[in-house]
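Model the placement of chain B on the given structure of chain A, informed by the hints.
Spelled out, the chains give:
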Amino acid sequence: MPRGDAPMYATSRADGLGCLVGGLLGVPGLSAAPTLVSVEMTTGATSRVIAWSIAVWFILLSCLPKFSGLIVNMPRPVMAAALFFNGALMLVAGIQIVASRPITLRASIIIGLSLLAALTVPIFPDFYRSLPAWTHQFTGSIISMAVVVAVPLNAVFLLGMWHYSYLRLGTSSEPATVVRRFLREACQ
Amino acid sequence: MAASLRISCSDLRALVDPSGANSRARWNLSPLRSSTEGQLGLPSTVFGLIDFSTILMATSYSPCREVWASGPYVLSGALAGVTKVKTKAREIGIRERPVELIYALDEIPPWPHLLGLGFQHVAVICPYLVMVALVAEAAKLPHSAAQSAITLAMIAVAFMTVLQSLRLGAVGSGYLCPPVVTAIYLPSSLAAAASLGISAVCGMVIFAGACEIAVASLVNRTRKLFPAVVSGVVIYGRRIGARKDRRERVVAAYRYAQRSNRRIFRDRRLHACGDGGPCGLGHGLAETLLLADRDSGGIRRRGDLRRFSTQLLRGLQGGEPIRCARPELSILCVRSLFRRGFRDRGTRLGSPSDRRADDLPADERCRVATPRCTQHRGRTGSVA
Chain A
1 MPRGDAPMYA
11 TSRADGLGCL
21 VGGLLGVPGL
31 SAAPTLVSVE
41 MTTGATSRVI
51 AWSIAVWFIL
61 LSCLPKFSGL
71 IVNMPRPVMA
81 AALFFNGALM
91 LVAGIQIVAS
101 RPITLRASII
111 IGLSLLAALT
121 VPIFPDFYRS
131 LPAWTHQFTG
141 SIISMAVVVA
151 VPLNAVFLLG
161 MWHYSYLRLG
171 TSSEPATVVR
181 RFLREACQ
Chain B
1001 MAASLRISCS
1011 DLRALVDPSG
1021 ANSRARWNLS
1031 PLRSSTEGQL
1041 GLPSTVFGLI
1051 DFSTILMATS
1061 YSPCREVWAS
1071 GPYVLSGALA
1081 GVTKVKTKAR
1091 EIGIRERPVE
1101 LIYALDEIPP
1111 WPHLLGLGFQ
1121 HVAVICPYLV
1131 MVALVAEAAK
1141 LPHSAAQSAI
1151 TLAMIAVAFM
1161 TVLQSLRLGA
1171 VGSGYLCPPV
1181 VTAIYLPSSL
1191 AAAASLGISA
1201 VCGMVIFAGA
1211 CEIAVASLVN
1221 RTRKLFPAVV
1231 SGVVIYGRRI
1241 GARKDRRERV
1251 VAAYRYAQRS
1261 NRRIFRDRRL
1271 HACGDGGPCG
1281 LGHGLAETLL
1291 LADRDSGGIR
1301 RRGDLRRFST
1311 QLLRGLQGGE
1321 PIRCARPELS
1331 ILCVRSLFRR
1341 GFRDRGTRLG
1351 SPSDRRADDL
1361 PADERCRVAT
1371 PRCTQHRGRT
1381 GSVA
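Sequence lines, in order, name chains A and B. The numbers in this note's numbering rise by one with no breaks, and the one at position 171 of the first sequence is 171. Positions in the second sequence are counted from 1; adding 1000 to them yields this note's numbering.
Same shape as in the complex, but just chain A (with noise of 0.2 Å):
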């Protein structure tokens, strides 16, 4: 198995692929979870074999029919509880996802304004019910709305982000520090 990095392209496309096999099964939608990752993190067991003994345990219960039909048979509360968690962790993954680069003047307009554009379609239903039919597909949820602002501001933002910088090694430090210093306040 080769080793280093995977490029984005490859975990993308898997993601893809999963998801396209899911759909093939009838499942909703697959996507790789934040919330495992925290796991691994919590019990510092990265190790990829442990994907294995997870595929034997899924396919062991997917075995036993009386499980599945313990969660079909989930009383109602319950499952919101599980979705307030999942909704929970997902709200804090989105904060977290926004405060892990430095909040600049851009980056503050841009989730600013996303925001409150998002938050004006349940606030003024009637106005986006107004507007021309074939905008509906774009106002007529919140989450459509984040995306249709926050992507043209970003791409609009980048105009003259355009930036110069040198690295002069020299022999007092470690060259590796120093490009991976030089690196991450370059990607900033």
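What the hints contain is simulated information worked out from the structure, not anything from laboratory work. A couple of the hints might just be wrong.
Unchecked claim - Across the chosen pairs, the derived CB separations fall in these ranges:
| no. | chain 1 | residue 1 | chain 2 | residue 2 | range |
| --- | --- | --- | --- | --- | --- |
| 1 | A | L119 | B | R1223 | 22 to 30 Å |
| 2 | B | V1215 | A | F84 | 25 to 33 Å |
| 3 | A | K66 | B | V1099 | 36 to 44 Å |
| 4 | B | V1099 | A | P132 | 54 to 62 Å |
Bear in mind the structure is a predicted one, so any value in this text is a computation, not a measurement. The C-beta atom is built at its ideal place from N, Cα and C for all residues, glycine as well.
Then chain B, alone, in the frame of chain A:
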């Protein structure tokens, strides 16, 4: 004999003479040599066979804590006091190993730990399976079909977990990255399931997966357009809007797409299941699997697996339709994939209980309606 050489970072740092002007030109190999001899018990001749230049060049790019030079195959034999060693550095890589990790990426935990860790992940993933039950409920699937859907969801999660942990060419991250049934799709899936049935959900997810595969190669190029700020806002907005019911909007968008894509929707060979979705093939296959699993009573024993396979083959071969409680989910739509002339109208607009006659176009109403309507059409035609 396969030997694994583990070199600590301090050893590697000791290799470099920091006082030299060109540090790469001055390697002090004695610590590494002694370490190697001490750990593996190899003679010094083996040491020279290992390509340390690769290690050392790599360490100059990455400050590592530990470096694995795994895979130097040492074939040693003692014959007349002479040791012949053949070493092959199969792969030499650099990986940073955080000290807080108990089991790093390539380490294999003991069996009890492995099972326990796997079960821990399963316990975290299982609550997400509730979403499958919700979608099945929204689609008004019977209890047994909902159970089968959850069973298949578990199989899909297992498949994707293993797929992500591998590096199969251009697919797979090579990391432990288990998936869950994500809530990103939940509102749309609920709306589609309630309006158009489970087949629409399957088609939607298949289409989403295909799109993700298609744009995967553009991820690096489009990263500028989707920085962390935008991604975070989207996820945040997703959570805010997750509770809003968008069924009407989805239906409106569907109707709009139907009106604006008459030509595509008329082409039943492209969308064989005829429900207007973009993935007729996906709908058909998904329904085949789901229904075959349900009608065979689920896979519990070996006999059930045989019955499941039989049902699946019958559906795919276009044989007699599988007996199904809900005719709109009949396997007939899969038959249409193989019989060009066949057109299934049952899945066009959801279940009969959900759809109204007004939802169907005029010509479609006349085709599926009673002989009275046929007579009416005949009279209309004669007048025209």
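Comparing the hints with the structure gives:
{"no.": "1", "hint": "A:L119 to B:R1223: 22 to 30 Å", "in the structure": "holds (27 Å)"}
{"no.": "2", "hint": "B:V1215 to A:F84: 25 to 33 Å", "in the structure": "holds (32 Å)"}
{"no.": "3", "hint": "A:K66 to B:V1099: 36 to 44 Å", "in the structure": "holds (43 Å)"}
{"no.": "4", "hint": "B:V1099 to A:P132: 54 to 62 Å", "in the structure": "holds (59 Å)"}
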